[in-house]
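Enquirer: From first to last, the protein sequence lines are chains C and E.
Taking the numbering used here as reference, the numbering of the first sequence is continuous, increasing by one, and the terminal residue is 1773.
Taking the numbering used here as reference, the numbering of the second sequence is continuous, increasing by one, and the terminal residue is 1773.
No lab work stands behind these hints, which were simulated from the structure alone.
C-beta atoms are modelled at their ideal positions from N, C-alpha and C, and glycine is treated no differently.
Careful, some of the hints might be misleading.
Computed, partial: chain C to chain E, Cβ under 7 Å [to be verified]: (1) 1305; (2) 1432; (3) 1482; (4) 1626.
Protein chains: 2
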Amino acid sequence: MAATRISPLLTDLYQLTMLAGYHAEGMAETPAVFDLFFRDIPYRGGYAVFAGLDPALRALEGLRFEADEIDHLASLNIFTADFLDWLAGFSFEGDVDAPEEGTPVFGNQPLLTVRAPLAQAQLVETLLLNIINFQTLVATKAARISRAAGGAPVLEFGLRRAQGPDGAMSVARAACIGGVRSTSNVLAGKVFDLPVKGTHAHSWVMAFDSELEAFRAYARSFPDHCILLVDTVDTLKSGLPNAITVARELRQQGHELFGIRLDSGDLAWLSRQARAMLDEAGFPEVRIVASNELDEEVIHTIRDEGGCIDIYGVGTRLATCAGEGGGALGGVYKLVAIDGRPKMKLTSDISKATLPGPKTVWRLYRPDGSYLQDVITVAGEEPQQGETVYDPVNPAHFRMLDEPFEARPLARTRMQGGRRTNPSPTLSQLADRCQTELDRLPEGTLRMTNPHRYKVSISDSLHQLREQLRRSMMR
Amino acid sequence: MAATRISPLLTDLYQLTMLAGYHAEGMAETPAVFDLFFRDIPYRGGYAVFAGLDPALRALEGLRFEADEIDHLASLNIFTADFLDWLAGFSFEGDVDAPEEGTPVFGNQPLLTVRAPLAQAQLVETLLLNIINFQTLVATKAARISRAAGGAPVLEFGLRRAQGPDGAMSVARAACIGGVRSTSNVLAGKVFDLPVKGTHAHSWVMAFDSELEAFRAYARSFPDHCILLVDTVDTLKSGLPNAITVARELRQQGHELFGIRLDSGDLAWLSRQARAMLDEAGFPEVRIVASNELDEEVIHTIRDEGGCIDIYGVGTRLATCAGEGGGALGGVYKLVAIDGRPKMKLTSDISKATLPGPKTVWRLYRPDGSYLQDVITVAGEEPQQGETVYDPVNPAHFRMLDEPFEARPLARTRMQGGRRTNPSPTLSQLADRCQTELDRLPEGTLRMTNPHRYKVSISDSLHQLREQLRRSMMR
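With these hints in hand, go ahead and build the complete structure from the sequences.
Expert: Structural data, given as structure tokens:
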């Protein structure tokens, strides 16, 4: 769960064997810089929403090996006693730069930059990827869904299809950052201070002798928070008429039915029928909640067809990050400098090459506050109007920064010497931030399908550094 | 994590509101029966592998509300003090029937049957679905991958792309049951007693001044467990020649290089080249390990093209259950009886109807031990040769049980009065069981694509019960 300690054994074995090797070679303390980044935007979309930073930093702060964990490693018979003694004193004392969670981010730009002794920076790779990959993927899906729903509230209830208990907790947290701000997960509500919402299940209706009796009983217990699930028997012939009967009875007692929920069938069509029936009966304020395998595409279609849905409940497809280009964010964590020397992975496939050395990502804002593009420079350098910049993957594509802009660095130092430099923001602040920042993106970049590709370029000096390293390695 | 307590707040809010309602209506203690089942086999495959039972039962055993959890619920201002007092004394005291983990299972058959007072059986819905859905989905994916690999060992290393820390733990556990018996996840190795494996990353090579120097250093630390990643610079021109140099040096020192790892490029072709180079150099025993977005389909293609791979490493696509029909198992949990009376969800779409009442799933074995088909009966009834049985979804499809068979119930009582009736099996036992049982399936059912659909029928008396309930509800 979010609050419990994460064991440093939650790592790939090869991190520990590499640490043992670095220790043996006297390289464990060599200063190193690693970048965490992804190459492809998930869901074939125009943007990703960065998330997972606060849990990642908390995990780094608490990273210590306990005695039974050292004993377990000893039992594997692959590590020396000398290395295990050293590991028993391990803690993470490095620096981490990153954007704020909720920030729109793009391919090939460092999301996290970790500066630490080589062994420390290496050990945390798996943990950072595990947390950042998944939360960024969920926050991005949630932002897509939330925007597809227009202003309508979206409720997360993917707990039953999430990947285990903690997967579900991460889903609720990251979904909130992306704009799906309430959840059915009561524990997530408690841990992350999120509003929790719910209705009732089909089993409630089936546990009574009739649907009407079931609705009346639910209204008795929750006269002011009553949402009735109307599709157990027949939505229009039974569920709606019974819900309207209960709405009338509630009104006589001084209460108002909060809503009805549709969970099967043609939601666009059924919601229009339901709206008409409720309006006709004098209940224009009763909300229509819809669920059943919803995601951004289904919601878009429902709205396109004039569906009358006030609140969307999204479960499986949010919790599992479903959809083409979904399922996993391909975040990677690469060594970019060691002992002050820039490093890159050389490969015949330049799309898999890395950007060497410590860098700064600059977001260029137009005078009206909208995003112009991003430029990645060698650390310390600042992009200038009139400068030529290059595509990070295909340097044959270059362009001039000819529009006026104000450049601001995307990342800040979030951890220094192993301690967080800022208090944890609230999820609600991060969700507000995400919404504001997405509004600054070019309209076409927000498009759900075939979006306009937001430009991320590299500066001339970074381009030159890469070329120079490539030539020296080819020799 | 696997060993920590799971809070009863890890549930959908509506479970708690329904509980409050049942409590208020005096129905909390009414005896109820729920079935957990799925309708569609994941990955468009011929079978699923049941998993997650042991963690699910452990979670049920420990389900108690702590004082701060009751306080939190009180703070939501939707529950009465009377209900919260009652909840403070809650524990699960029901019975659970289920097959053993590792058993092949099919659509529409109860995987778990829960008999308990209504409130207890209802509260545990979300928790059971969360655990069983995901672990069954992973075990099924692992079985598909493991069978595609033939006898070759498969290593799970999806931790960095799994859905949070606990998602990764569940992946390692369930993957082992399905046949992917070792993992890179050190913590999973400790908690579940799994063999852990690993090599090194590209960053190891990049941290040294040359690839050869990096390989030599790794071999110094792990002379008997050395697997060298050969694609950081150029697999055939640099990685393999350097690995062979180190293999010769190791041999001079009385050690043997364990293996090399390919992580990019055309793995079928590269592995053939690598095999030829290693053999030529006198190292026919050096293993070739392959990774990079592998799953059952890629592995099948590699083998089909004569790839020479000894060990497969599978990460993202296993951990995220990727593939058509993957991502989530659509397990549901439905009320089938209350106070001794059978119940079913009526719907115009019979494929979404439930099978009413307590039932028994029988697996019919041919005299040679292979599976003939499954038959679901009313509890207590046993299928007989010559009997007519019906398709559970389309009763117009019926057939006679004309072959000889021995019928054995699929499920046993695994929990009685809230206590587990059996000790936890080892994962290695469950993995053996899974392999043995899958071998009893018809060949065509094991096929990766367009498999033969294994028959699951319902008995005549169950068919009659459903028809009778349908008629009574239509009135």
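Enquirer: Would you check whether residue 1626 of chain C satisfies its interface hint, that is, whether its CB is within less than 7 Å of any CB in chain E?
Expert: 5 Å, holds
Enquirer: Let's test the interface hint: is any C-beta of chain E closer than 7 Å to that of residue 1482 of chain C?
Expert: Holds. Min distance 4 Å.
Enquirer: Have a go at the residue 1305 of chain C hint: is there a Cβ in chain E nearer than 7 Å to its own Cβ?
Expert: Because about 5 Å separates residue 1305 of chain C from the closest Cβ in chain E, which is inside the 7 Å limit, the hint holds.
Enquirer: Next item in the hint list is residue 1432 of chain C. Is there a CB on chain E closer than 7 Å to its CB?
Expert: 5 Å, holds
Checked against the numbered hints given earlier, this structure breaks none of them.
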